Structures are given as C-alpha cells and as structure tokens.
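Guided by the hints, dock chain S with the ligands onto chain R, whose structure is given.
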Amino acid sequence: MAQAMRPQMMGARVSRVEDPRLLSGQARFLDDIQVPGMLEVAFVRSPHAAARIRGIHTEKAVQYPGVHAVLTHQECSVLLWERDTYKVGQPVLANGEVCYVGQPVVAIVAENRYVAEDAAELVVVEYEPVTPVLDMRESILEQPRRVHPEAENVFFHKKYATPGFDEAFAKAPHHLTASFRTNRQTAVSMEPRGTAAMVDAASGRVTVYASTQSPHRMREDISHLMEIPEHLVRVIVPEVGGGFGMKANCYPEDIVVVAAALKYKKPVKWVSDRMESLETDVHARDDIHDVEVAFDGDGKIIAIRDHLMADGGAYPAYPFSGAVGETSLASRVLTGPYDIPHLATEIHCTYSNKTPLGAYRGVWGPIASFIQEGVVDRVARHLGLDSAEVRRRNMIRPGQFPYRNAAGMVYDEGSYLQSMEEALTLIGYEGFRARQAKLREEGRYLGIGISVFVEPTAMASSEAGSVGYESCTIRIEPSGKVTAALGLGPSGQGHETTMAQIIADQLGVRFEDIVILHGDTDSAPFGGGTGGSRSGPIGGGAALVAGRQMRERLVKYAASLLEAGEEDIELGNGQAWVAGVPDRSIAIRTIAETAYTNVRKIPEGLPIGLELTARYLPKRPVTFSNGTHIAEVEVDIHTGVVEVTRYAVVNDCGTLINPTIVEGQIHGGVAQGIGSAILEALHYDEDGQLVTTSLLDYLLPESTDVPRIDVRHLETPSEGEGGIKGMGEGSLIAAPAAIVNAISDALTPFDGMVDTLPVTPPMVLQMVSGGRTR
Amino acid sequence: MVPITLTVNGVKHALEVEPRWLLADVLRDELHLTGTHLGCEQGVCGACTVLLDGRPARSCLTLAVTASGCEITTVEGLAKDGVLHPVQEAFWQEHALQCGFCTPGFLMTAAHFLENNPNPTRSAIREALSGNLCRCTGYQHIVNAVERAATIIREGDSHAISQD
Ligand code: FES
Ligand code: FES
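These protein sequence lines map, in sequence, to chains R and S.
Going left to right, the first sequence walks through residues 1 to 774 as my numbering numbers them.
Going left to right, the second sequence walks through residues 775 to 938 as my numbering numbers them.
Bound-form chain R, shown alone (with noise of 0.2 Å):
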C-alpha cells in the first residue's frame, strides 16, 4: 500500500481548531446573535401540576409599552404530535388544561427580555387544579386518574423472555431479589436551550437558529409540523454549549419562536433562564427496576428477571420519548458483559403530571449498568465471594464474539475481560482489601466498586432520532483547499478537528488546509445529526468513506497529469507523486487548478471539478465499545458525605481519532456520573412541584468532587469505517454502578446495599444505623 496511505493524523493528540475563537470570546451562541430590530420572547408557564384552564386574560400584557404581541393556543395551535407511535401530543401552547409545571402556556413577544418579562406578570390565567398524577406504580394502574382522558396511563408495554427461561430460573441453586430506583435527573448543559428566527423578505425563506444537536431532524421537523416546504426553511446552528442527549429534541419554545418571526415578519429569539431549563428541558431516568436473579452457587448468573417501569412524564417528549428509550434498550443489554442465558423483561412506559422525559447521555446505559453491576455485587455479597472473581466467571469470553446476548443484540468483538483485568492492575485492587481494612480499624470506610460496562454505538436508530447513515461532502477548492460538510451537530465534541484528521490523512493535504462545515441545512448535506454515540463511527465514516473517494479522483489525476500508473501514485503533504521518484510529482493545487480552469486537461472520464459527497451506513446496525471504571470511596458514617478518592479506567471505543479528545470524553463522563451518583435529583413535592428550581437545588459536581481520572485505552477495531467505535456515552454509562458499589462496599460492615440513585447522604446514614439493611 502506498505510504502515504499510512495514517498520520488518525489516532493523533490534535489541538482542537474549534478553542481559540471559544478562548477569545469570540464564538456566537445562540444568544449572541443579535440582530437589528430582533424581539425577544417570555413564556407564562402553568404554576400547577394538572389543572384546567378556565380562562386567559392577556388584555394588559397586550397594551404594555413594549410589547408586540400576545400568543396563547388560538393564535398558535401546533401539535407536538408523533402520530404513529404515541396516542397523544404537547400543544405548544397549553390547550385549555396544563399537565405539568413549566408548561408553555402564553408567550410574550416583546422589544426585549425584560420587557416581556414584565408583561407575563400581568397575564392572568384562571385554573381549576386537579389531583396529579405522581406516583408511576399507581399511574400503571390507572391511579388517581388517566392523565388524558383519551389515553391509558400505560403508553409503553412489552414482554420478553428467553424460551425455557421460567424452568432454568426454578432449577437455579440460588435466587434473591432486588428493586432499583433511578431518580429524575437532566441534561443541564451550561447553555440553555434557545431558538431565533427570521424570515427572508426576498425569498419568504425561514432561517432558524436552533440550539440543537440534530440541524436536519429539525429543519424536519419544523417544516412537518408548520407545514412549510422543507426548501423554504434553513436550519443554523451556532456554536452549542453543550447538549447531552437534551437538545435532540424538538420543543414546543422552538415552534413558537418560529411561529412569531412567520407571523410578525420580524426577527424573534427566545433563550430559556436555568428554572425554565431545570422545568421544561426534558428530564431522564425515572425509572424503576424490580429485579429477580438466579445463580449457582460458584456465582454463575443463570437468569435475570427485570419489570422496568418507567415515567414519561405528562406527554411524550418529541418525536421519542425517553422512557421508552431508556426501558427499551436497556432490556436488550441488561446482562451487559456478561454471558447469562436466561433473561425475562417486562416494560411499562407510563404518563404521570411531571415533565417529560427525553434523553440525557447514556439514556438506557447508566440505568442498565447500576442494575447489571448491582447485581453482580450482590450475588458475590450473597456467596461471600470476591466480585472482581463472580465478574470473571461470568463474563464473556474472546473466543464467543460475535456473542449474541440473551435479548438477542448482537456483540461484535470487544476486550471485556482485559479491560477489567488492566483496570484492577491500575488501581491496584490487590493492595485494596489490607488498606481497607486496615482504615476500617481506624473508623474510616473505603470501598472500592467495580464497573465493566458495553456501549451500544453507532445505532441503525438512535435516540437522537436520526438516521441510520451519515453524509460528507468534500470539495477541493480551484486552490487546493480544503471544505467538507456534514450533517452533524456538535455541542462540544471537536468534530471540526477530528473529521479534518479523518480527511487529511486521505487527501493527503495539511490538516491546517481543511475547514470544516456543520450544522446549515444549507450547507450540510442531509443527515442524522449528533446522539447515540454516532458521529465518531459513522460520521467519521462518511468523511472517510468521502476521502478515500476524493483521493481515488485525485490518483486518477496525478497518474494522467504524470503520465505515470494509478498505483504508483502518492499523496502527502498537499502533493502526488509517483512513488519512488519525489521529482515526478504535481501539487494537489495544480490538480486542482486544472479540474477547475484547465478544464481540457481534464483525465478522460472524470466530471469537471473536485466535489463529491458520499453517504455511509455501517454493515452492522450496532457496534459496541466496553471498558471497565473502578472507583474507590471514602464514606464518612458519621455525616453520609461520600468522597470519590481515586478512579481508573481503561476504555476500548475501537480505533482512536483522538486520543485526547477521547479522554475528555471519558472525563466530563465521569464528572456526571458522580452528579448521577451521589449529587443530582429533580425533586417534586406531593402537589407536583419541582422544588429543584437552581443550581443551588440542583446540585452538579464541582471540581472538588471530581477525583484525578487515570485513563487506559485498548484498542478492539469495529468492522467499520475506520475500526472506530462511538464512546460519547460509556463514561456515564459506567460511572454510576461504579461509584455506588464502591459505597455498597464501604458499608459492608453494615450490610448496606445502594439500591437507589442518587444516593445522598440521608441515605447513607439510614444504611449506618441499619434502616436499609437487607
């Protein structure tokens, strides 16, 4: 193979080109984009849980000095309706009845924020409370009440079993059952959601500045619902301050935005306030797990029962709701790296009088991982064995791949067992137990928790929405630069640096002479966006797969223009050459200047110009990362603070673009599964109150909380593009089992068991006084 095909930028540790505009104050977020004459939009938001409207009085919002107009349902009556799949949907603007606190249900447009601000003061809206729906055990049973009359409660069911499952969990030596809690927690990344809009007087165009992470999905969507041609609406999106799973949605603030620049012909901006963010920005994890486990008495996992419930909320977010994500898939790989034959699952989705639930990275994962972790370490307390050795016995060995798991997913291969082999080496697990115990005499209680975790990327179908393939356009500009465009939307992830590696090493062209395009429907070509882990595997298999098409071109050039064979051509460094002999060579510029200007020069065969745009949908509709996190802690029994005192963890995401990059990833991951742990939990009180309304309330991780993170790679290649593998979500995936079984051991002496996430430290001191015991 050629030499320039080896890889030079591929797996290299790349400074970021995205940082010194972001370093400089000079990158546009949404709310930077200020525009002459651009109003700005308020929302009066339902105060109550559940409640009919009996009225709407906005006659004094409309004549306060300032404001442009007053929008309620009538003047704005879209539907956040996903009709195939959900019985019911969100009125953007409430439709005489509110269903949860923070629901839009009048929007101010005015001069400015605090104009309109003002005025939603002065808007009265008359209700008539009803009893909430809260409970989700209840709301399965239909109780107090339907949360819409025309729907059941239950908007979610299915049933599972492996065949002979009930015979193989009877004959089982050993059973014990066990009920996992995950509270309601959220996305917050530090930018808020926001939308502007504006219309082009010229054309009638629609331009729409979405703080999303999907440009196409929500052109789409705005087109679909607003009934207006797709070609006739631009979807931008600036610079996006994080989205987490949270910003693939389309919400009802964003159809509303759009709705007032069409109907007003001005340009209109909304950006949510964090108590709107902490209120309306879809929520994640609340879901219970009544779990029953058969094994032998060597720690072998038989068979797992799980009845997953959990709660949508009070519509089904849109166009996916989280609840069905979140028990869906992780039915489907509950028994994780392990290889148990047996499993049987039962799924109920359920509406209730709270916000609904969408995404928050990892969605399913962190979930079926606290379960599959916790299990495990209870199935070792239960036989006094050691649990890195019950994770041994049952883990998938090298020689199974591809394993097909009990819920029929399908693994490809994975180094599941190295990587906690390595982990334990790196934390040094050995030395553990005689340190522990030795603290233990002093009244001090560490713990150590183990977490071996699979990462579903790379989906066919994925949370976000989206499709199953990914598009890059590359073109090589008459002088030799660089512009390729695709259809994802970062929020942080690097993909303008990361793709220009991709790109670089094909064209073999400067990585400094690329530019990457994203997030303009204008420019981008159609595809599926950011989420599911899927811009590194497939987006970066788009922008390979477009490489290697543009550099089969620039050979055929090269190979004319030198009058030389196709394959002794050679790229690199912005020239071609034929190999062997550096003279013969001819710049990618002048390659270029011919395709562009020279025209007749042009090798027989091939089309005027260097543009192309290639489209990639991986062979397998998955491909799985793994790792393994270790966490040790450090409980104080007397107060219940737990402090995470050391981490490791050795990640296999397949082929590395950027090793650096990548272990970023692994640490913001690792930040919020300590959130998910120990810290975050939106609170509603019995009337159905948020209570968690600030940062204050609302507690996330502090540099304080975040121990040192020693990181490990291994490197299992996908049989995709590129060998790469997705990984934006194992690290929370993983982090939450981790942490609370390094607490589970902590508390060994008090036969404590973390069944509930997050675990505070109330909770902790109920698990020391023997409340929790079992």
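Please keep in mind that the hints were generated in silico from the structure rather than gathered at the bench.
None of these values were measured; they are calculated from a predicted model.
Hints may be right or wrong, so weigh each one.
[Said to hold, decoys possible] Using C-beta positions, here's what the derived DEER-type ranges look like:
#1 Glu593(R) x Gly930(S): 41 to 51 Å
#2 Glu804(S) x Glu715(R): 45 to 55 Å
#3 Glu715(R) x Asn890(S): 37 to 47 Å
#4 Gln867(S) x His174(R): 46 to 56 Å
#5 Asp710(R) x Asp855(S): 38 to 48 Å
[Claimed, not checked] Quick partial rundown of chain S residues pointing at chain R, CB under 8 Å, derived from the structure:
#6 Thr808
#7 Gln816
#8 Gly843
#9 Gln862
#10 Glu901
#11 Leu903
For each residue, glycine too, the CB sits at the ideal point set by N, CA and C.
Showing chain S with the ligands alone in chain R's frame:
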C-alpha cells in the same frame, strides 16, 4: 435611565442604563461583548465571571449601575496584541474546553488566581475553581491547564528577568 461610565478592557464607555439592568446584559447587549456568558443567572455557575477592578465578580449578580466608574476586564480583554494570555494558551494546549460555554468564566477566575498564586498545588487550583461549573470536561484538563499556565507565567517572568 441612569447615566453610567464603564471602562471595559481599557476602553471608556458612557452609557444610559435602566437601574435594574445586569452588568452581564449591559456588556453583552449594549457593548456587544458576548464572550461573557450567562449559565444560570443564579450566581452559581460562574460563567459570567468578569474582573471588576481586578477582582472576579459575577456579572449576573451585579447591577450595571453599581459598577459605574469601575474598570472591567472581560474574556475579550485577556489576549494582548493578538497574543493569547498564558491561561488561554494553556487551556488550548491541555484541551481544557469542550463546548467552551463555561470557558470565559474559568479563564477570568484562573487568570486572577494565578496573579496571586504563582506556584499553586493541584488541590489549591481545584479549590480556586470550585465556584465555576463545567458540565463537559470533568475539570481534570482544566486543572492541568491552570498548572501549565502557572509554569508559562513563571518561565515568562524568569525570562524577562534574565533578559534584563
Ligand atoms: S450566570 Fe452568573 S453565576 Fe451563573
Ligand atoms: S466546556 Fe462545556 S461546560 Fe465547560
């Protein structure tokens, strides 16, 4: 409307503001310095941190009128003559940002911290940054960056001295 003067990144501005306008909004909407970000408007996240007479302040909790007459430095004022501030340079080298939304606040906090703590320990750095929230990075690369920035500044200084 109340008349105020603000000196921002060395440039003096005479402005008319409503008494209730936040300093952050005046910087962003009136002066179009949108590098200062609002992540919570609740005084928690630190994204809105600017230097007010040389000390870090949350511009989401500061009314513009109370800052009248003050010297303000925002992230736009960190680089000098097109050369990145050592903290900016170190954040770039150490991959201390992902989405970059929190970054301006971290840069201002870190720049101020290093002025008074030229040779900090890692735990002192973590402590100093604990009033700034980042959802993307897990902080490790940020701590690395502040450590590196300290080195750059110290070496720059010793350079300056040895050149004398
Ligand atoms: S915006 Fe000021 S502290 Fe968050
Ligand atoms: S880099 Fe995204 S919040 Fe810090």
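Structure-based check of all given hints:
no.	hint	verdict
1	Glu593(R) x Gly930(S): 41 to 51 Å	44 Å, holds
2	Glu804(S) x Glu715(R): 45 to 55 Å	52 Å, holds
3	Glu715(R) x Asn890(S): 37 to 47 Å	44 Å, holds
4	Gln867(S) x His174(R): 46 to 56 Å	54 Å, holds
5	Asp710(R) x Asp855(S): 38 to 48 Å	40 Å, holds
6	Thr808	4 Å, holds
7	Gln816	5 Å, holds
8	Gly843	23 Å, violated
9	Gln862	4 Å, holds
10	Glu901	6 Å, holds
11	Leu903	4 Å, holds
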